[in-house]
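Residue numbers (my numbering), protein chains in the order written: chain R, 1 to 471; chain B, 1001 to 1550.
These aren't lab readings, by the way, just hints derived from the structure by calculation.
It cannot be assumed that every hint is accurate.
[As the list claims (entries may be wrong)] Here are the in silico distance ranges between beta carbons for each label pair:
#	chain 1	residue 1	chain 2	residue 2	range
1	B	1459	R	213	54 to 60 Å
2	B	1459	R	215	51 to 57 Å
3	R	382	B	1357	31 to 37 Å
4	B	1394	R	411	29 to 35 Å
[What the hints assert, rightly or not] Chain B is nowhere near these chain R residues, computed Cβ spacing over 12 Å in every case:
#	residue
5	141
6	203
7	216
8	237
9	444
10	464
[Claimed, not checked] Some chain R residues well away from chain B (every beta-carbon gap over 12 Å; in silico):
#	residue
11	84
12	104
13	110
14	271
15	326
16	418
From the three backbone atoms N, C-alpha and C, an ideal C-beta is built for every residue, glycine too.
Chain by chain, the residues:
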Amino acid sequence: MIAAVVAGVAQASPVAKSLVRIEATSQEPDYKAPWNPGEVSGGVGAGFVISGNRIMTNAHVVSNARFLTVSKESDPKPRQARVLFIAHDCDLAVLAVDEPGFFKDTAALDLGGIPAIESVVSVYGYPIGGSRLSVTKGIVSRIDFQTYSHSGMDSHLTIQIDAAINPGNSGGPVMQNGKVVGVAFQGYSGDVAQNVGYMIPTPVIKRFLKDIEDGHYDRYVDLALSYQTLFNPAARKALGLKDDDLGVLVGSVYGGGSADGIVKPGDVLLSIDGLPISSNATISLDDGTVPLAEAVERKFKGDHVTLDILREGKPQQLKIALSDPWPFNLHSNVYDEEPRFVVFGGLIFQPVDQNFMTAHQPDDLRLRYMFDFFIEDKIYKERPEIIVLSGILADPVNAYANDFRYAIVDEINGTKIKRLSDVAEQFAKPADYYVIKMAGAGRPIVLERKAVEEARKRILSRYAVTKEQNL
Amino acid sequence: MIAPCPAETTVPKNSRRPVLAACPNPCNNTTPGSVAQAFQPVLEAVHRLESLCHFPAIAGAIFMALCLPAMAGVTPQPAIAPDKTVETSNASILRVNSTDQAYDFLRPWTKKAPFSRRGLGTLIEGGRILVTAELVANNTFIELEKAGTAEKSSATVERVDYECNLAVLRPADPAFIAGMKPMALDRGVRVGDRATVLQLEPNGEIAQTLGIVTSIAVGAYPLDNMGLLLFRLSAPMQQRDGSFTLPAVRDGKLLGLLMRYDARSQTADLISSPVIEHFLGEAAKGNYGGFARAGIAFSATRDPQLRRFIGLKEPGGVYVTDVLTGGAADKAGLRKGDVILAVGGKAIDQDGNYEDPAFGRIAFSHLTNTVSHPGDTLAFRVFREGKTLEIPVKMEPRDHSKILSESYVVDRAPRYIVLGGVVFMELSRPYLQEWGGDWVKEAPQRLVFYDAFQNELPQDRDKIVFISQILPSQDTIGYEGLDNLVVSKVNGREIRNLNDLAEAAKHPVNGFQKIELEADPGVLFLDAAAIEANREKLIKKYALPALQRL
Chain R
1 MIAAVVAGVA
11 QASPVAKSLV
21 RIEATSQEPD
31 YKAPWNPGEV
41 SGGVGAGFVI
51 SGNRIMTNAH
61 VVSNARFLTV
71 SKESDPKPRQ
81 ARVLFIAHDC
91 DLAVLAVDEP
101 GFFKDTAALD
111 LGGIPAIESV
121 VSVYGYPIGG
131 SRLSVTKGIV
141 SRIDFQTYSH
151 SGMDSHLTIQ
161 IDAAINPGNS
171 GGPVMQNGKV
181 VGVAFQGYSG
191 DVAQNVGYMI
201 PTPVIKRFLK
211 DIEDGHYDRY
221 VDLALSYQTL
231 FNPAARKALG
241 LKDDDLGVLV
251 GSVYGGGSAD
261 GIVKPGDVLL
271 SIDGLPISSN
281 ATISLDDGTV
291 PLAEAVERKF
301 KGDHVTLDIL
311 REGKPQQLKI
321 ALSDPWPFNL
331 HSNVYDEEPR
341 FVVFGGLIFQ
351 PVDQNFMTAH
361 QPDDLRLRYM
371 FDFFIEDKIY
381 KERPEIIVLS
391 GILADPVNAY
401 ANDFRYAIVD
411 EINGTKIKRL
421 SDVAEQFAKP
431 ADYYVIKMAG
441 AGRPIVLERK
451 AVEEARKRIL
461 SRYAVTKEQN
471 L
Chain B
1001 MIAPCPAETT
1011 VPKNSRRPVL
1021 AACPNPCNNT
1031 TPGSVAQAFQ
1041 PVLEAVHRLE
1051 SLCHFPAIAG
1061 AIFMALCLPA
1071 MAGVTPQPAI
1081 APDKTVETSN
1091 ASILRVNSTD
1101 QAYDFLRPWT
1111 KKAPFSRRGL
1121 GTLIEGGRIL
1131 VTAELVANNT
1141 FIELEKAGTA
1151 EKSSATVERV
1161 DYECNLAVLR
1171 PADPAFIAGM
1181 KPMALDRGVR
1191 VGDRATVLQL
1201 EPNGEIAQTL
1211 GIVTSIAVGA
1221 YPLDNMGLLL
1231 FRLSAPMQQR
1241 DGSFTLPAVR
1251 DGKLLGLLMR
1261 YDARSQTADL
1271 ISSPVIEHFL
1281 GEAAKGNYGG
1291 FARAGIAFSA
1301 TRDPQLRRFI
1311 GLKEPGGVYV
1321 TDVLTGGAAD
1331 KAGLRKGDVI
1341 LAVGGKAIDQ
1351 DGNYEDPAFG
1361 RIAFSHLTNT
1371 VSHPGDTLAF
1381 RVFREGKTLE
1391 IPVKMEPRDH
1401 SKILSESYVV
1411 DRAPRYIVLG
1421 GVVFMELSRP
1431 YLQEWGGDWV
1441 KEAPQRLVFY
1451 DAFQNELPQD
1461 RDKIVFISQI
1471 LPSQDTIGYE
1481 GLDNLVVSKV
1491 NGREIRNLND
1501 LAEAAKHPVN
1511 GFQKIELEAD
1521 PGVLFLDAAA
1531 IEANREKLIK
1541 KYALPALQRL
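Just chain R, same shape as in the assembly (with noise of 0.2 Å):
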């Protein structure tokens, strides 16, 4: 009797044939002992069939996999998946299944647009409350710019519904007339605000298509600017504007990034590829006022974007080719990587990234300005990478660098130090002595190559260290 109800529960949703659950095994690396393979811990989200035999879920169901099943919702058996695309920056992947046949009795989903604001949605998915499908429905209550939180810096067009988004819905599909208008990704937990759920909407879904047609997923192109709007009257007179309500101001220009060097901080963009930007900083596309960075957004590496501006007042046209900015992945979550490193006479030594900060918390304030301020106070020049002595493994070989703990390193053996590679560069070199400077007042930590050598097989065992380096 029951099998019956499921089963005509089953049939009733024609989605059926399209969701699978997906169940990931996952190995988190572990950044405060980075030689370590780290803990392994399981998950399950849900994911739809798309054209060409593939499955589309979320990045971060998928992320740090190491085992993969899929399975549908006729045929609980699990079978082995596959990454094929993975993109961090919007939280979107592509799975293939292997075995022969998987595909053949499900149907792929068809993409749709924007949804209007009020109409109905409804979202698929395993959450959690039971194993098996289930359906949530809600309406559109917002389409608008937000952060997606898998990698904690990307922010894309989003929209929020209020249908219940729980745990294990992350990459079902929302659908509404027979086709899929998001891919279901985060929410608000109660305690914080109700019925807010967000999906990633159509726009960036069919972007990620486009860019992997080539076989390869490039990041997200930025022109890597900030401006502000304009509303101060006092502001716009004397930018020389007119009362129109249009142009934003600059306020900087990132280096390294697509309009580094071509763009100047004062600038007032007009218009972006003829497209008139409100004094908001909006513009009007096909699917109403979006935010002006969504003009960038659809476009990709080395495309091109026109922009109208004013310059002290003269009018100017600018035309730039976008690239993905590298300074900003700094504060942008990593998956899919082994943490690097340096282990030398006891002392790890470690890039500072967003999954190191998580994993470290550090208070010291030289670290979290660097880290902090690395694009704005454009540190990156001096440094590409933030080198820190980030643990000691404690010997007599390192007894007095206990007072070093998350300092920067700035020097070795009179060599700058700009990234990793030149730590390994350095203790590679013979010497009598590894004069090691950290950045802001300090003793040099000296540690004597006889010592080093001496402690290494010691430290080494005594503190299971697998492996001395990671470049």
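Since chain R is already given, all that's left is putting chain B on it; use the hints.
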């Protein structure tokens, strides 16, 4: 919380960031909170430069009142006989009631609510009364009250030094202290000596708590992370009215003033008699010089690998890690990397201590800041690149006018300028401390970093001028919510302090006040004529007593 669905949960950035400008609960200095926090890692202080580091926890404890456990039914008393000599000490002590009112650094045109502190003052020679500086910080009214008779008289601060936390008061009416007996300083204190902390019973009788001097060391004083000599006393104190400042005596002589008390470990930190003596000696001069600083940071040389590397054969010495630009050591020619072997003829050990004939091994900063006076010359024996040099250093106090972000602003109003609703201030630590005890993490980080690393910044300005907030008005439409932005130029002129800004504002360009900022949004414009026309409206709307205070 944002919940990416499989098991993990992360919070999106900005999700619940509190609105800082409207900090609802700025540090309430009057709260007698956990006194235990008031204790600082004393040894650490010695190894850092007096001026280059900061003690975040001290900040919160600056004006922490002495909080003692309430009197219990059973009174534990140490098994030591009471000191008979103190029974007449009430002839030397007075109650001091100080009404204090600090400025509100978030609204620099206003003062916070007044509150009062009650402590004990000790009569010293010259008809003056010695108290801690904390007791009378930001005072608006000081009242002396005789023990027993409750006879009252007002008093004024004759000399105060917040670095050593001492003040001398003078009664408005000299006759008020007639018949009282000044107390002399005890100069012979040693570890292991017994001392008595005095309190007053409501009836004016002396309450004594006997204690033992357990250690004598250089430690952190509340303000300006100055390291000065402390006596640590083990004594089981009890709560009594007016215990903010208490004298500790031995054989009828004053050995120190109680500055901190930790109820859990029953230990008290005393401002020591050598520090009091130095303060009084300076106060007696026409030109008060205070406490000198060498202006160096150093670290220990215990690591044999370091010693071998620098070729240091002497048994002691400390490694100079930083020299404050323009400080005494800098002027004398000390450099980073020098190893200080001796100061004033006293050998310095690997940790920076010397053997004091009276107090044993204590930090050599006692020699530089307390034993010697500003203007004295101390010989530094220095090991540099294999050679030993003798460098005379003329000791001098810190020049407060040259401090970029001051660590304390007491008895002084914060400076500000309001230009068309945009509020400009000069960065100081009290501003950041308005974010409460955890200000290092909670206060605007850009400004925290400016304060912390001020000695590393290019020396091209006197102060960090910043926009602390916007008072929204017709003239600031679109700028609402901007705060804590460092100003670089106004109307094309470099801004090194608020006076520069006041001058620059007199020269609008093309009718606009152009304010250039170090961070986004980069530039703000105000209509010079409009803000002038709206002056009175702004003053009235926000009840500002004045649009600037310089």
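Minimum Cβ separation between residue 464 of chain R and chain B greater than 12 Å?
Given that every Cβ of chain B is farther than 12 Å from that of residue 464 of chain R, nearest at about 26 Å, it holds.
Non-interface claim for residue 418 of chain R: all C-beta distances to chain B beyond 12 Å?
holds, 20 Å
So is residue 84 of chain R really clear of chain B, every C-beta pair being over 12 Å apart?
Nearest chain B Cβ is 19 Å from residue 84 of chain R, so the label holds.
Interface exclusion of residue 141 of chain R relative to chain B, criterion Cβ beyond 12 Å
holds, 15 Å
Verdict on residue 237 of chain R as a residue remote from chain B, using beta-carbon distances over 12 Å
Nearest chain B Cβ is 7 Å from residue 237 of chain R, so the label is violated.
Taking the Cβ atom of residue 1459 of chain B and the Cβ atom of residue 213 of chain R, is their distance within the range 54 to 60 Å?
holds, 56 Å
Whether residue 104 of chain R stays farther than 12 Å from all C-beta atoms of chain B, as the label says:
Nearest chain B Cβ is 28 Å from residue 104 of chain R, so the label holds.
Checking a non-interface call: every C-beta of chain B should be farther than 12 Å from the C-beta of residue 110 of chain R. Is that right?
holds, 24 Å
Pairwise beta carbon distance, residue 1394 of chain B to residue 411 of chain R, judged against the given window 29 to 35 Å:
holds, 33 Å
Does residue 203 of chain R clear chain B by more than 12 Å, comparing its Cβ with all Cβ atoms of that chain?
Holds: least Cβ distance 20 Å, greater than 12 Å.
Residue 1459 of chain B paired with residue 215 of chain R, Cβ distance criterion 51 to 57 Å:
With a Cβ separation near 56 Å, residue 1459 of chain B and residue 215 of chain R satisfy 51 to 57 Å, so the hint holds.
Residue 271 of chain R remote from chain B - nearest C-beta pair above 12 Å
holds, 20 Å
In this structure, the hints that do not hold are numbers 3, 8 and 9, in rising order.
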